[in-house]
Amino acid sequence: MAVKLKDLITKERAMRQGHRMCPGCGAPTVVQQALLAVEQPVVVTAATGCLEVSTTIYPYNAWGVPFLHSAFENAGASVSGIEAAYVALKKKGKITKDIKFVAFGGDGGTYDIGLQALSGAAERGHDFTYICYNNQGYMNTGAQRSSATPKGADTSTAPAGKVIPGKIQKPKDLTVIMAAHHIPYVAQTTIHNPMEVIEKVKKAIETPGPAFVNVLAPCVLFWRLEPSLQRDICKLAVETRFWPVYEVIDGEWKLGYKPKKRVPVEEFLKPQGRFRHLLKGETGQAVIEALQKDVDEEWEYVLKRCGETWEPQA
Amino acid sequence: MSSLKGWKDLPLATTVPASTSEKVQTGQWRSMRPVWNEEECIHCLQCWIQCPDKSIKATPEGKVTGIDYFFCKGCGTCAAVCPKKAIEMRPESEFIEQ
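Listed in order, the protein sequences are those of chains A and B.
Here the numbering used here is used: the first residue of the first sequence is 17, the next is one more, and so on.
Here the numbering used here is used: the first residue of the second sequence is 229, the next is one more, and so on.
Calculated directly from the structure, the hints in this document are not laboratory data.
The structure displayed is predicted, hence computed values, not measured ones.
Wrong hints could be hidden among the right ones.
Far from chain B by the CB rule (all over 10 Å, computed), these chain A residues [claimed, not checked]:
hint	residue
1	34
2	75
3	81
4	135
5	248
6	320
Calculated Cβ distances over 10 Å to all of chain B for the following chain A residues [said to hold, decoys possible]:
hint	residue
7	22
8	43
9	115
10	132
Below, computed lysine to aspartate or glutamate pairings styled on DMTMM-like, alpha-carbon distance capped at 25 Å [as the list claims (entries may be wrong)]:
hint	chain 1	residue 1	chain 2	residue 2
11	B	313	A	212
12	A	22	B	266
13	A	22	B	237
14	B	313	A	313
15	A	276	A	313
16	A	108	B	250
17	A	106	A	222
18	B	282	A	313
19	B	282	A	327
Quick reminder that beta carbons are idealized off the backbone N, C-alpha and C, glycines included.
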């Protein structure tokens, strides 16, 4: 079962070189790592977003596998349609091989605009894997807030200034929403540990029925992050418990990682320019405290669901 | 209304051949160049798996052989993840004569 990096070297890539994502972007890393987990032929679809735009600049196409894009809100519906057509053609004997179906969406196309289509696809029980590359905002159009943007982040539609300290609300918990669909596989992870992404996506693909994987991936441009730090920032997200990694397999919650120490969420905020305004002054401090409270509460919730306890080292 | 075409008669949506992006030299974007030091490299492949542009070259046996400067955009992720500091980021201006 355990996959080794060495064994993946010769595997043909579903997404090729020459895509136009920014230097240091987390999204192509998500796609590359995730699709290394797929053994069978795969058909990919994506919601509108950076990934779709940057891989399909006409007439250049970065996909080495069949790829469909139709609109922003319907990656869930597109993957349902493709899978339903496959099932029908297979029944008629026109297709004999086993094919897997993967949909990618950013957080805008998944948390907000595509939620209805995704929810429908999950409820109908199509056999697909939906992977959300979550960069916490509408980065393709210039960093507008989304329902995945964390509290306190400076965005173009919730700008930090005298009136508000960035986004006021906390993000919705989409992973839990998807788990509440009682689908066979749901996971939350990030790209600092590639083997974890590969193994989780492998489980998602091999599980018959709908599977959802929520992967935190930085937008180096609008997180205002040093482009070389995609791995380090994701590691900090997990170490500060800002982004707990876990799986929900057939309703059973399983915690992926427990940090050894209690690391304040501030450590995750510091390298990112979108939180810079919080690091000085009393208002900022109050937002950081509120954010820390949210993180602690969510962590407690995840621990409880997983039946775990946490005793960090002093 | 009967003169209107049915959906089966309409042309397909835009289609493009696979993998044509491999003609796009994204390496032209680079301002910092990763320089790989073969002697320090332990072939752990961390750079290979973390590179967003798949620009780390490796043999089928898993030995790193260098960097694909045709595609490398110079983000520096490889240098940041290297446990042996075997990749150094140097200004592209140093290589302009090459």
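Verification of the hints:
1. Distance check for residue 34/A against chain B: the nearest CB is about 4 Å away, which does not clear 10 Å, and the non-interface claim fails.
2. For residue 75/A, the requirement that its beta carbon stay farther than 10 Å from each beta carbon of chain B is not met, with the minimum near 5 Å.
3. Some Cβ of chain B comes within 10 Å of the Cβ of residue 81/A; the nearest lies about 7 Å off, and the non-interface call is violated.
4. Separation of residue 135/A from chain B is adequate, the least Cβ-Cβ distance of about 26 Å exceeding the 10 Å criterion.
5. Non-interface status of residue 248/A relative to chain B is broken: a Cβ of that chain comes within 10 Å, the nearest being about 7 Å off.
6. Distance check for residue 320/A against chain B: the nearest CB is about 33 Å away, which clears 10 Å, and the non-interface claim stands.
7. A cut-off of 10 Å between C-beta atoms contradicts the statement that residue 22/A is not in contact with chain B; the least separation is 4 Å.
8. Residue-level check failed: residue 43/A sits 8 Å from the nearest beta carbon of chain B, not beyond 10 Å.
9. Distance check for residue 115/A against chain B: the nearest CB is about 16 Å away, which clears 10 Å, and the non-interface claim stands.
10. Every Cβ of chain B is farther than 10 Å from the Cβ of residue 132/A; the closest lies at roughly 23 Å, confirming the non-interface assignment.
11. Taking the CA atoms of residue 313/B and residue 212/A, the gap is about 24 Å. The hint holds against a cut of 25 Å.
12. Our distance criterion of 25 Å between C-alpha atoms is met by residue 22/A and residue 266/B, whose separation comes to about 18 Å.
13. Under the criterion of a C-alpha separation no larger than 25 Å, the hint pairing residue 22/A with residue 237/B is inconsistent with the structure, at around 49 Å.
14. Under the criterion of a C-alpha separation no larger than 25 Å, the hint pairing residue 313/B with residue 313/A is inconsistent with the structure, at around 39 Å.
15. At most 25 Å may separate the alpha-carbon atoms for a hinted pair to count; residue 276/A and residue 313/A meet this at roughly 18 Å.
16. Straight-line distance between C-alpha atoms of residue 108/A and residue 250/B comes to about 37 Å, which puts the hinted pair past the 25 Å bound.
17. Between residue 106/A and residue 222/A, the direct Cα distance comes to roughly 18 Å. Compliance with the 25 Å bound is thereby established for this hinted pair.
18. A hinted pair counts as satisfied when its Cα atoms are at most 25 Å apart, and residue 282/B with residue 313/A does not qualify at roughly 38 Å.
19. Taken as a hint, the residue 282/B and residue 327/A pair is broken in the structure, with Cα atoms around 39 Å apart against an allowance of 25 Å.
Hint violations for this structure: numbers 1, 2, 3, 5, 7, 8, 13, 14, 16, 18, 19, all remaining hints satisfied.
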